[in-house]
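Given chain Y, put chain E in place with the hints provided.
These protein sequences, in sequence, are chains Y and E. When we follow numbering that gives the first Met the number 0, the leftmost residue of the first sequence carries the number 0, and every step to the right adds one. When we follow numbering that gives the first Met the number 0, the leftmost residue of the second sequence carries the number 0, and every step to the right adds one.
Everything labelled a hint here was simulated from the structure, so no lab data went into it. Quick caveat, the model's predicted, so the values are computed rather than measured. Yeah, the Cβ is synthetic: ideal placement off N, Cα and C, and Gly gets one too. Any given hint could be a false lead.
Have a look at the derived ranges for each label pair, beta carbon to beta carbon [unchecked claim]:
1. E:R167 <-> Y:T35: 52 to 58 Å
2. Y:R69 <-> E:A345: 49 to 55 Å
3. E:R326 <-> Y:T66: 51 to 57 Å
4. Y:D114 <-> E:R331: 29 to 35 Å
5. E:Q238 <-> Y:T35: 39 to 45 Å
6. Y:S39 <-> E:R331: 55 to 61 Å
Sample of chain E residues at the chain Y side, in silico, Cβ under 7 Å [stated by the list, open to error]:
7. I39
8. I404
9. R408
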Amino acid sequence: MGNRILVIDDDIDTADYLSCFLEDHGYQVRVAGDATTALSTLQTYSPDIILLDVLMPGRSGLDLLVTLRRDPRWENIRLVVITGNDQILQDDCQSYLGTHHGVRGPDALLGKPIDRKTLLAILERLGQLEERSTSGGA
Amino acid sequence: MESNYRQYWEDMPCYLSVHDREFRIVDGNRLFRSDFGDRIGEYCYQVYKGVEEVCPDCPVKLTFEDGHSHGSEQALTTRHGDRVSVMVHTTPIRDEAGEIVAVMEMHTDIGEIKRLQNLLEQSQRRLAQLFEEVPCYITVQGPDHVIQHANRKFRDTFGPAVGDYCYRVYKHREEQCLVCPSVKTLADGKTREHEEVMVSLDGEKFNMLVTTAPLRDADGKPEAVIKMSIDITQIRRLQSQLASIGLLVGSISHGIKGLLTGLDGGIYLVNSGFQKDNPQRVTKGWEMVQRNVDKIRSMVLDILYYAKDRDLTIADVDVGALVAEIRELMTRKAEDFDIRLDVQVAPDVGTIQGDQSAIRAALVNILENSLEACQVDRHKSGHWVRFRARRASPWMVFEIEDNGIGMDRETREKIFSLFFSSKGVKGTGLGLFISNKIVDKHGGTIAVTSEPGRGTRFLVRLPLEARPSTHPGTV
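Looking at chain E on its own, in the form it has when it is part of the complex:
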């Protein structure tokens, strides 16, 4: 029987050794001898670790002290120089009187477990790093809508977020959203995509493409939702610009066709007037050509103003001189259509601070609009356009009034919209949009009152002292 136990002792697939109170090894099994040599009688700390003192956390020592089993993780060095990670367990060996006379120590090789543990830790570190450093915005939230995790990019842009409700962080709402993709993902485990506009800590707006995906428990049931947001602001801006360019091209194309018709008509009248020896017709045709050339020039200027992002060049502007310049520009156009242009400048107008060429373009566009409103009005004669400038501190007020065709409410509300035109062939929908932009850039306003059949009044107020608007946009 004893020889059987001895056999089991020898064959155990771990290191077994017995230690006396002096920490000398008094016995060891085959695997011990194989890896550490026949070192019976030597100190265990020398044999196992190659050190000259008892290890501070020696489980053998503890077992001698308290009679209990102890266990710990240790690293041993074999006689071949290999380091072996082991789990050590000790147990006391007592004599017949119950006194501890020796301690048996069992070392189980946990090298494979340690290797896997290291791999796991490394993998976890990599995953954590991936979560933190991935160049998009990620949060994880539970069914209670509380954000459990947020990656670095998200925290840097939108604040700490963790512990807060997703609807507060994402939408700045105080209650759950009516349609919540996260709730749907939690319910059916399906991924979803939607677009959101998010506002960063410093007030910047982001167009986000948000994807929700389920995180499942051990049973495969969704227990949390991961939300991954990709910043598509640039794409949306480009799309918007492309759409604007498309509209611009369509609008310009339409405008040019109308102007070509006018030019073609003028040329026809000139040619046929010569053939018929009709000087009146020649003059009429030539005027038509001139008018349409002017319109093309005006359209090109509008397009340039729209296309070029230019900053205002602020300087003192002599309002009297500016109005005189504009009157000279507009008088011939008014006379062509028998429209009386009445210009009044208050004697004390003085100067304002602003961009002279931009203000001139803004006022000319409005005046052209007024002249055209008279031109298309066939229901009354005696058309007039009044252009007045007066100082009403802290504003310079320009008033442009006509007794033309007037506008209904819908037209009135849209006149400053890009590419909106009520003027058939003549309008590109750029003129008043640009006027409004210029005035807005100066920190001014345009008020419009109008009635169909009666006429329209534009009240342009520009600050006397430059205080450019902070609104982004192109002038």
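Same shape as in the complex, but just chain Y:
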């Protein structure tokens, strides 16, 4: 469990890189370049974890996060926000989203440039959480 990942990033290089890296480590990866494509992908693909960029053309990553959190179909997906924006990293993202939208924030935050070891550690932790919640519910 926990090995299906959706990467949402408008930067093709970053998306390609993450896709190759994660596949090299045994994950099954799909890529979406913006929020609209991501929502369309989610109709047919059920990821365990979403890696989400924040600044994208059209709807922002945080905006998409709010939509995902509010929809019961996707409420159990683990969300990792990846950003190079210091403000988002410095601010308490949970508090920002709580204040503005009353939803649970991301399950993890990761700064750019991406530290691959940290990314793997986050995915492993979230995967274990996924397993626990699945076995607990069985």
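Frame of chain Y, contents of chain E only:
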């Protein structure tokens, strides 16, 4: 009784003397004798002033002439050489027939009063000088908003002002301001501070820190307001520049992190491609590295353009050659993402006057924006960017059109703003800001039409003959 009067006469604390019609002194009291000597029988003008003729404004003479008392200010010289300022009063002495036979003169020492008066005048002069020369702008206005006084610096910069309404002088308004700190200061006697932008006689704008303070009447009630303005334009400019630098640093930092991610990704693909003996992956990784190096180069050029205040170097620019040069720059970028770059140059384009490197930077920034708009559009395939140049006198028109992601109204309205970026990791918010600045500096315009999902069209018009804009700013 007579001896009593004589005693009073002698003891009076002022100079008393009696003069006959010849201006001879016929009597004097003790203080007179003490300071001028026993000079009975001598002419008063010799005794009091050491001159040889009757003084032109002699009050004794006037009293002999008209029988009235007269008074004037005089300066006497004692026998010790001291000058004494006195107030002189005369009164006629009549005989039994009512004829004036003598005039009594009383000299009261007003030396202390004169000294204080001089001090007061000196103090007033100093205050007036201080008001005039203080290195800030000062006006005084009454409850009717009419300016009563304005110091030299104020008058030199903003005009005479005195007699005019404060709202006309300070704000160029024809009616009283809705919120008036002077009115509040007059009402409660408290000082207030606020900022205003004032325009000088020659049209220069000043950021002013204005302080209002009450001027009170004898009862302590505010009767006028003094307004003191300090020019803080430089401080505001510096603050604005510092804020811009802060934004620039934040924006660059964000951009660099994104580019580092791309470089890191490219290196990962190259390394892992070698390990897996996968040449395709190596090629893909290497292309990724090249692309991100190009982006870093472009970002650095943008930053340099932003940071350096450079004047345009106007020369004849061969538009056909310029477009060919830009096509060579952009072709590989377009091919990397399977975007068709269609370049068309009308045969009669000829030349324009302008700064070739600046125009090239402006057009490249717009073209890069268009390529990226196609690159991020995942909803359709067959992306293209058209770059056309044609002559439409008096303009050279460059048209850059794409069928990329397009922009909504909000994005469209902000695209030329400094540090605005809709491009996530790739944007520093400098590129189109700089393009717009360059075109504006040449006296040209950029028009944008765009629709989300459909694409964007930039229409850049540059004058054929150089007519640089007078707008201040950095290119």
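Hint by hint, where does the structure go against what was stated? Just the numbers, ascending.
3, 6, 7, 9
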